[in-house]
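Starting from the structure of chain R, add chain V with the ligand where the hints point.
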Amino acid sequence: MGELATDKHVKYILSVEKRKDDFESVVMEHLRMNGAYWGLTALDLMGKLDAVDVDEVVSWVMSCQHDSGGFGGNVGHDPHILYTLSAVQVLALFDKMDLIDSDKVTNIVGLQNEDGSFSGDMWGEVDTRFSYIAICCLSILHRLDRISVEKAVKYIISCKNMDGGFGCTPGGESHSGQIFCCVGALALTGSLDLVDKDLLGWWLCERQVKSGGLNGRPEKLPDVCYSWWVLSSLIMIDRVHWISKEKLTKFILDCQDKEKGGISDRPDDAVDVFHTYFGVAGLSLLEYPGLKPIDPAYALPVDVVNRIFFKK
Amino acid sequence: MASGSSEVVEQEQERVMLRDRPEWSDVTPVPQDDGPCPVVPIKYSEEFAEVMDYFRAVFLADERSPRALSLTAEAIHFNAGNYTVWHFRRLLLESLKIDLHDELEFVQRIAADNSKNYQIWHHRRWVAEKLGPDARNAELQFTKKVLSVDAKHYHAWSHRQWVLQALGGWEDELDYCSELLEQDIFNNSAWNQRHFVITKSPLLGGLEAMRESEVLYTIKAINAYPENESSWRYLRGLYKDETTSWANDPQVSSICLKILSAKSNYFALSTLLDLICHGYQPNQDIRDAIEALKIPDLDTQDLDIARTICSILEKVDPIRVNYWTWRKSRLPHVA
Ligand SMILES: [Zn+2]
Numbered sequence: 001m002g003e004l005a006t007d008k009h010v011k012y013i014l015s016v017e018k019r020k021d022d023f024e025s026v027v028m029e030h031l032r033m034n035g036a037y038w039g040l041t042a043l044d045l046m047g048k049l050d051a052v053d054v055d056e057v058v059s060w061v062m063s064c065q066h067d068s069g070g071f072g073g074n075v076g077h078d079p080h081i082l083y084t085l086s087a088v089q090v091l092a093l094f095d096k097m098d099l100i101d102s103d104k105v106t107n108i109v110g111l112q113n114e115d116g117s118f119s120g121d122m123w124g125e126v127d128t129r130f131s132y133i134a135i136c137c138l139s140i141l142h143r144l145d146r147i148s149v150e151k152a153v154k155y156i157i158s159c160k161n162m163d164g165g166f167g168c169t170p171g172g173e174s175h176s177g178q179i180f181c182c183v184g185a186l187a188l189t190g191s192l193d194l195v196d197k198d199l200l201g202w203w204l205c206e207r208q209v210k211s212g213g214l215n216g217r218p219e220k221l222p223d224v225c226y227s228w229w230v231l232s233s234l235i236m237i238d239r240v241h242w243i244s245k246e247k248l249t250k251f252i253l254d255c256q257d258k259e260k261g262g263i264s265d266r267p268d269d270a271v272d273v274f275h276t277y278f279g280v281a282g283l284s285l286l287e288y289p290g291l292k293p294i295d296p297a298y299a300l301p302v303d304v305v306n307r308i309f310f311k312k
Numbered sequence: 001m002a003s004g005s006s007e008v009v010e011q012e013q014e015r016v017m018l019r020d021r022p023e024w025s026d027v028t029p030v031p032q033d034d035g036p037c038p039v040v041p042i043k044y045s046e047e048f049a050e051v052m053d054y055f056r057a058v059f060l061a062d063e064r065s066p067r068a069l070s071l072t073a074e075a076i077h078f079n080a081g082n083y084t085v086w087h088f089r090r091l092l093l094e095s096l097k098i099d100l101h102d103e104l105e106f107v108q109r110i111a112a113d114n115s116k117n118y119q120i121w122h123h124r125r126w127v128a129e130k131l132g133p134d135a136r137n138a139e140l141q142f143t144k145k146v147l148s149v150d151a152k153h154y155h156a157w158s159h160r161q162w163v164l165q166a167l168g169g170w171e172d173e174l175d176y177c178s179e180l181l182e183q184d185i186f187n188n189s190a191w192n193q194r195h196f197v198i199t200k201s202p203l204l205g206g207l208e209a210m211r212e213s214e215v216l217y218t219i220k221a222i223n224a225y226p227e228n229e230s231s232w233r234y235l236r237g238l239y240k241d242e243t244t245s246w247a248n249d250p251q252v253s254s255i256c257l258k259i260l261s262a263k264s265n266y267f268a269l270s271t272l273l274d275l276i277c278h279g280y281q282p283n284q285d286i287r288d289a290i291e292a293l294k295i296p297d298l299d300t301q302d303l304d305i306a307r308t309i310c311s312i313l314e315k316v317d318p319i320r321v322n323y324w325t326w327r328k329s330r331l332p333h334v335a
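If you read the sequences in order, they're chains R and V. For the first sequence, full-length UniProt numbering begins at 1 and goes up steadily by one. For the second sequence, full-length UniProt numbering begins at 1 and goes up steadily by one.
Pulled out of the complex, with its shape left as it was, chain R reads as follows (with noise of 0.2 Å):
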């Protein structure tokens, strides 16, 4: 099995960061904001996040706030709550989080509507990727107490399946990225005693395929970047070991670009930084050596999350 070839991922991360002229930094653009976390949170994870500069990424982000409080993908974009965490997020990363008006923050991400459910912005569109995003975003600035935990919680379990796993909105497929949005939710409200372990967790570990990477649902084909959907998920509800995490760790090494540095969906395919840092995060929780280990619910590094919660 080859190893993480961490100096080549931290060099392709930060020439992503500044590059200029291809068509993906184009695409990118509108959703700067979380290409940023994600680049970011790999290089902490790697222990590199000394290579950027600090002052350059932190007034970046804070350029992209809006008076409402919400921060934008990039630049002069409007404001909704997907990079609201990731801002949120990144601030924490470099420990500015008394740079946030945590109260006005909390103003855009707790748009919650009767039945508990969150909107993403005031179109009022629903899914539980969002009442994730606004839970976790709350805990960070430890303001749980602006929403209705309860109804929030009852949400997100009426989105449950027969399978034990989670949908979009009640009725929806269970797919592992919206069973990370509903187990993370349930496990930052210390709700996980209403999810049927046993069932979820099996339903999960069945989504590890013979080559060791794990798919999103039935029948579909195996992605690093489930990798940390499927086992945060199963990490956060204590069923990690069903899996095979070796051979999960051999199908996560298989899918980097050794030359250039680099994480694909699967093997062979091109690198984006979005699957770097899906594989790089699915590495650490599998404990793999020299990597900094990450919280599965707040999808930020461990030494992070004690910061803000315990050296407050």
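Check the hints yourself; a few may be wrong.
[What the hints assert, rightly or not] Now the stretches of chain V that chain R is said to cover, found in silico as 3 or more residues with beta-carbon under 8 Å: (1) 114–127; (2) 156–162; (3) 177–190; (4) 225–238.
Source of the hints: derived by calculation from the structure; they are not laboratory data. Backbone N, C-alpha and C define an ideal beta-carbon position, used for all residues, glycine too.
Then chain V with the ligand, alone, in the frame of chain R:
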């Protein structure tokens, strides 16, 4: 849709830069401001950059005009993932009181190339919500079209479920599920939709009323393809909150026996294990079938049939060996 997309291509071929169009001569474009110290300087394609520069100008001026609306369409053609552009487009559609039926066509054209984009579906739903029951058939057709290309499309299914619940149209949905399952019996999304229909359709009388016919349907499906995770899970789902009737339904144990008599099968074994854990007493035929599947192994001498099943699963499914070992450890001790 075919004519729609060729229209777009034509448009692109004859495209005139905005600075050369008289109707835009009064607008000063606003270039991207990356802040004082740009983290990621970006060089756009020239045309896309220009569209975004003009977009910023009308957006900042909050210009609610038809030309602003068509500018958002151009910007979306270049990049359908920009949240701000869609957001502004909705404001324009509202202030200009545009006929939203036309907007459905616009979304359909954009979705042809970008169907995995969250923004498109969100926008589509906003339009359909405004149109109300009027939009029902268009929405069912639209999702059907997307699903004919990718039958597991998560956004399309999610949208379709919303349409059924908000606007109706349940009449043909169970047949539609059957049709998709006929094309691909392994399609978990179609099985999920089937469960959604039999539990939520106001026309079918609910799970209890549907159980008998659905059990027959599912057993047929399992018989045809015993390796199908989805059909086995669906079968279990038909006995929601009725574990006892599931464990005692001879149809369930019979299908396990039938499958296992032919060949070892992962799902039949695990279903049988679940049945036994919930009080089912295996008959001699089942005992014989399991005995026949036993893997010769001198180390383990299992005390009962449930343990034997776990041992077999440990061997045939080594990737999840810890799960099966755990299941075995939870079995009650034999007196
Ligand atoms: Zn992926």
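Cβ contact check, 8 Å cutoff: the stretch 177–190 of chain V against chain R, three residues minimum: Check passed, 4 qualifying residues.
8 Å C-beta criterion, at least three residues: is the stretch 156–162 of chain V covered by chain R: With 4 residues close enough to chain R, the hint holds.
Given coverage of the stretch 225–238 of chain V by chain R, tested with a Cβ cutoff of 8 Å and a minimum of 3 residues: Holds, because 5 residues of the stretch 225–238 of chain V bring their Cβ atoms closer than 8 Å to Cβ atoms of chain R.
Given coverage of the stretch 114–127 of chain V by chain R, tested with a Cβ cutoff of 8 Å and a minimum of 3 residues: Per the Cβ count (3), the hint holds.
When each numbered hint is compared with the structure, no violation occurs for any of them.
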